[in-house]
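Taken in sequence, the protein lines are chains A and B.
First residue of the first sequence: 30, per this note's numbering; consecutive thereafter.
First residue of the second sequence: 30, per this note's numbering; consecutive thereafter.
Keep in mind that a hint or two might mislead.
[Unchecked claim] Stretch-level coverage of chain B by chain A, calculated; a stretch enters the list once three of its residues show a Cβ under 8 Å from a Cβ in chain A:
id : stretch
1  : 155 to 166
2  : 187 to 199
3  : 517 to 530
[Said to hold, decoys possible] Label-pair ranges, simulated between beta-carbon atoms:
id : chain 1 : residue 1 : chain 2 : residue 2 : range
4  : B       : Tyr365    : A       : Ala292    : 44 to 50 Å
5  : A       : Glu200    : B       : Tyr365    : 36 to 42 Å
6  : A       : Lys545    : B       : Ala354    : 29 to 35 Å
7  : A       : Ala347    : B       : Leu635    : 35 to 41 Å
8  : A       : Leu635    : B       : Leu43     : 47 to 53 Å
9  : B       : Val540    : A       : Ala347    : 44 to 50 Å
[What the hints assert, rightly or not] Now the stretches of chain B that chain A is said to cover, found in silico as 3 or more residues with beta-carbon under 8 Å:
id : stretch
10 : 355 to 365
11 : 451 to 457
Treat the hints as calculated values from the structure; they're not laboratory data.
The structure displayed is predicted, hence computed values, not measured ones.
Using N, Cα and C, we set each Cβ at its ideal position, and we do this for glycine too.
2 protein chains.
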Amino acid sequence: MPLLENIRGNLLTLSEFSALVVGLLGMLAALWLYRWVKKQPADNQTVLQIGGKIMRGANTFLKREYLLLARFAGVAAVLILVFLPSPIWKTDDILLNVTMALAYLCGTAVSALAGKIGIQVATIANMKSAEAARKNIRLSFMAGFRGGAVMGMAVVAMTLLGVTVLLMLTEEHSALLGFSFGASSLALFAKAGGGIFTKTADVSADLVGKVELGIPEDDPRNPAVIADNVGDNVGDVAGMGADLFDSNVASMSAAIIIGSAIAADAGGGINKMNVAVVLTYALIGLLASIVGVLSARMGKNKTDPTSALNKNTYVTTAVYFVLTAGATMLFPGENYKNWRIWGATMVGLLVGIIIGVATDYFTNDQRKPVRKTATASGIGPAFTILSGFSYGLISILPALIGIAVSALAAYKICEPLGGEYPMFGIAMSAVGMLSIVAMIISNDAYGPIVDNARGLVEMADLGEEALKATDKLDSAGNTVKAMTKGFAIGAAGLTVIALLGAFKSEVNAVVQGAIKGFDIMDPVVFFGLIIGAAIPAVFSAMLILGVDRNAQRMIAEIKRQFREIAGLSQGLPGAEPDYDRCIDIATRGALRELIPAGLVAIFSTLLVGFVGGVQAIGGFLTGNIVSGLLLALFMSNAGGLWDNSKKYVEDGNEGGKGSNAHKAAVIGDTVGDPFKDTAGPSINTQITVVSLVSSLMAALFLHYSII
Amino acid sequence: MPLLENIRGNLLTLSEFSALVVGLLGMLAALWLYRWVKKQPADNQTVLQIGGKIMRGANTFLKREYLLLARFAGVAAVLILVFLPSPIWKTDDILLNVTMALAYLCGTAVSALAGKIGIQVATIANMKSAEAARKNIRLSFMAGFRGGAVMGMAVVAMTLLGVTVLLMLTEEHSALLGFSFGASSLALFAKAGGGIFTKTADVSADLVGKVELGIPEDDPRNPAVIADNVGDNVGDVAGMGADLFDSNVASMSAAIIIGSAIAADAGGGINKMNVAVVLTYALIGLLASIVGVLSARMGKNKTDPTSALNKNTYVTTAVYFVLTAGATMLFPGENYKNWRIWGATMVGLLVGIIIGVATDYFTNDQRKPVRKTATASGIGPAFTILSGFSYGLISILPALIGIAVSALAAYKICEPLGGEYPMFGIAMSAVGMLSIVAMIISNDAYGPIVDNARGLVEMADLGEEALKATDKLDSAGNTVKAMTKGFAIGAAGLTVIALLGAFKSEVNAVVQGAIKGFDIMDPVVFFGLIIGAAIPAVFSAMLILGVDRNAQRMIAEIKRQFREIAGLSQGLPGAEPDYDRCIDIATRGALRELIPAGLVAIFSTLLVGFVGGVQAIGGFLTGNIVSGLLLALFMSNAGGLWDNSKKYVEDGNEGGKGSNAHKAAVIGDTVGDPFKDTAGPSINTQITVVSLVSSLMAALFLHYSII
């Protein structure tokens, strides 16, 4: 078969070409979905009016955030240009510096674009979903889901296009690292900023509205209600999109860097075969997600949207499994090797699903943790906190075992291949875990969209039926969210292990054999380890304190409005709250608080690197991963648990709404809010950023450290 | 100087002999202090009656706990006899197994004795301190402080005697490890059991009494009030004593094991010089503490007991500094070497004090964290939690930096000595940090004694003056407690790093050069690392859930008594609560909950060791240390912060008693209670136990692992 032979001979070119085609296909799918969402009817004036406010608020925040971050990115780009990969006065090839700086700027721009697309469609889809809820829950579901899927498709397609174009233009690792760093540094700030915004608004609105005044959620009298809905978009949609874009780029970059550095079967240069495998599996992931997304719908007689969301995931996974197996059969070279790499990839996928299921156990209201926490609420808020705190700590065990076992298994599967293949196996398991990320993002962005839709239904008074339908959709969003968060954290965990490998590989590229490994018994490594472990704790504490401070300002403003605007609390006609001031407070506060925490993470890396050198950095990254995973899993799961425990009580258990148990459960939920939506998910990105900074700075740390 | 030459030539014998003498001196000092306390007058009938109840309650709990643990220790001793250091059917020398099993039993017995002594004197000193408070705060202080000092002296003297006798009888490491494991396994359960007891009683008494019924702290109408006072003794006195005994033995053992394995200057065998150094520095620590304790008193015109407590610490430290420097001048051999080892020891001492001061910053009501948290309480309990949680997370940074820097500095100071000296340096820094431990325990046990005294004053109605005096003493106890806890955790941190070195040294003793180090990039090490990090989280969660469950039972009982005993809530004469039932509930609950968490820690070590072998254990211990330190520091500090923040509000700030801020602050305090007094301090011991199990099982893991 000469054709097949020919194809096999040019596998890299072929896979790059295919990646471009599939990437464009993904963009087209996103565009088609976007147009589908836009076509849906929405003509209720109140919905359009409130929805418009939300849209403007979200866009204003995004614009101000991006303006701030553009300045930051500009400074960073100049620093990269001057110092990286080698200081400009020492380098032979200044083009490398230019390439890296440009790649960095592209990474930030694409990440910003991903957030922008997400907001754009989410703030339309929420209105469509609200309007559809009056007629038909299935249509309402479709509007929410497809709205989310636009971002899912777009993010993954852009990852594929970005990485492929970079690979075609330059074969330098530095370009990939620069691109990935651009993506993740923007994600770090976007996630932190959006997370602070959304929880400031949510917590303040709940505390004054629900707890003090006893008015319902999403009541239009509440001055913070629009800010709350804006927050869902800027925090949960744009932030999550940026986060998973970043993980996805990082996992692909790590796999390509490690894989391409393995001596090729014949001749020198990069290992094209391995790069082709990474691209092929990634593009199949997007294809599988397109199939999954387009086939997604609520069955005619089904009433539970959760099963529809889960079904999509399983369809995507199955398609991915079959197609990658097929592609692996066609791969040239030793079958033995190809199947082992495939096996490592599948380990990641499998463990991702296991982590998701385990997370679900701890946040599902059918299970012991949520129910026991609800019971504890009957005794008092301290018991709500202690119970949720404890289950949150226990919840990290299955996920950590999953990550540990999958790293070990991927390594062992590829160990017989020798050389750096075992580490490549780990990197591929991260790629495998993230392969269905388009589906994950779709499911995840669905949540805030239908949450917003519920708000619109309530505020525009679209009727009891519509409220019930969106309530059901919203609840499914919450259930799925816990799973996707576990998934995102697991993926980040494996990715940073791979990035640790990439770091080692980068250092060894500068000075052959400079690092054999990182020995824990080396006190420099240990020093880095301990400091590294402290960073995620300090980072997340700063974000939570940011929410805390910001919410105090916001609460004062809400109370002022209720006090000073005549007739507001009674809801008299004409007594309109000043929504914009609340949005403005949340925006200004978030912008003020988002920078310091991120800088702490970045500067501590530089400090440890220039003090202790590459060995200290090895320890630092490890400590960072360990404590970061621990805190991220704990915060996400405890937050989800408290949230669902409150909902469980509100469903009439343990005394129901208005009971002491309910009050205690609300306190638990308020504590959990910044855990699960500000600090927890930001830690992911913090770990990735720190890993990438280390890889970028590898050469400098090697040459200029004190110890 | 032939005499000096002669002395130098027999340095080990001399230091062993001196250690025995100083150990006995310490026991005499303890006895003298005990008699002094006993001689103080206490003849108020109500005080004697209530004090008697507390004493009986504490002794009953201790007896039941020890009976349970004796069974456990018996089983463990048989297992050790059969399997350790080598399985009985494989060993050439069965005497080794017998020695280790006996040493283990001695360790448990001495640890139990330490707790018993502590309880014995504390339950007398509380009455004396209460009675003295009517006349004179200085005398009241002395009774409390000297009561605590009995345990401080006894614990350190017994450490010194135990280790020295073992060294004189046998030169086997296995005996030391067995002794240390005995001490720490008992401490693990005693700390967990006592911690669950004390917080069950404390939380329940507060929740029903202070929060629901609005009756004051220590009100005799409250059925849980005696249990609460018993808890202070069994948790804070006996538990803390066992904990620091365990750290102290472990740090000496690690230093002796590592130091003695370093090739001696001439001839083979153990390195006598290094062992002599460890013993000498340790005995000087006890001497310095005796000086410090006996010189301790509140100045005639001083009204603040805190400064007296701090002064003692500084006196002890100064004496220790001067005496060790003097001894080092007299040491034979190269001055160069001796001074470097001394330097490493001093680094530990210095960092211990720095950690204590840093901890103080986060828990002192003059500082920002406590005040900001009090302000946040004005908004609502969720903000109390979020604020304390965040500052708690940030508080780990200085302590972790301290530990990292001191390990690095100790290593670097001893690096020029070559071989395993750098690791010996780290072990010596742990010894240095723990050198003034007798003083630390004295300060620490002082806290619960005067807390009890305050309770007795309140319950026996000894007058406003006495209440004010004991309030002041109690508050000083809380301030110092935060420092001593930071100190205990820091010491445990350095100790387990040394134990990691001891583990490596044990493995290499079995198979020469079996371990060069633990490379993080080895996936087996990484696997262990991730699992190890999860264990302290699960362990502490289990303890907190234990308190949670137990308190629920206790609260039901307290409410039942108030409901069913006529006239109790109004305090009518003759309406006496059933204190014993509450004590019984706390006891039974604590005994039921204390075993599982400890077993999880031990069995997970065995599982990881038999699956992944010594490399996985290296990672496991590291992960355990990192996450254990993080959680222990966080929990202790956050708990102390919430406690003091509540007291700050109660002093009339942010609205004072009865305000919303106060209610929120009480919730924070309740959450913090099991953090700081159950889970946090138990993690210390958990880390040590896991490290010792690893060292004990080293040979078995080496030969019988799956991977």
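Taking the hints in turn, this is what the structure says about them:
no. : hint                              : verdict
1   : 155 to 166                        : violated (count 0)
2   : 187 to 199                        : violated (count 0)
3   : 517 to 530                        : holds (count 3)
4   : B:Tyr365 <-> A:Ala292: 44 to 50 Å : holds (48 Å)
5   : A:Glu200 <-> B:Tyr365: 36 to 42 Å : violated (54 Å)
6   : A:Lys545 <-> B:Ala354: 29 to 35 Å : violated (41 Å)
7   : A:Ala347 <-> B:Leu635: 35 to 41 Å : holds (39 Å)
8   : A:Leu635 <-> B:Leu43: 47 to 53 Å  : holds (51 Å)
9   : B:Val540 <-> A:Ala347: 44 to 50 Å : holds (48 Å)
10  : 355 to 365                        : violated (count 0)
11  : 451 to 457                        : holds (count 3)
Of the hints listed earlier, those the structure fails to meet are numbers 1, 2, 5, 6 and 10, in rising order.
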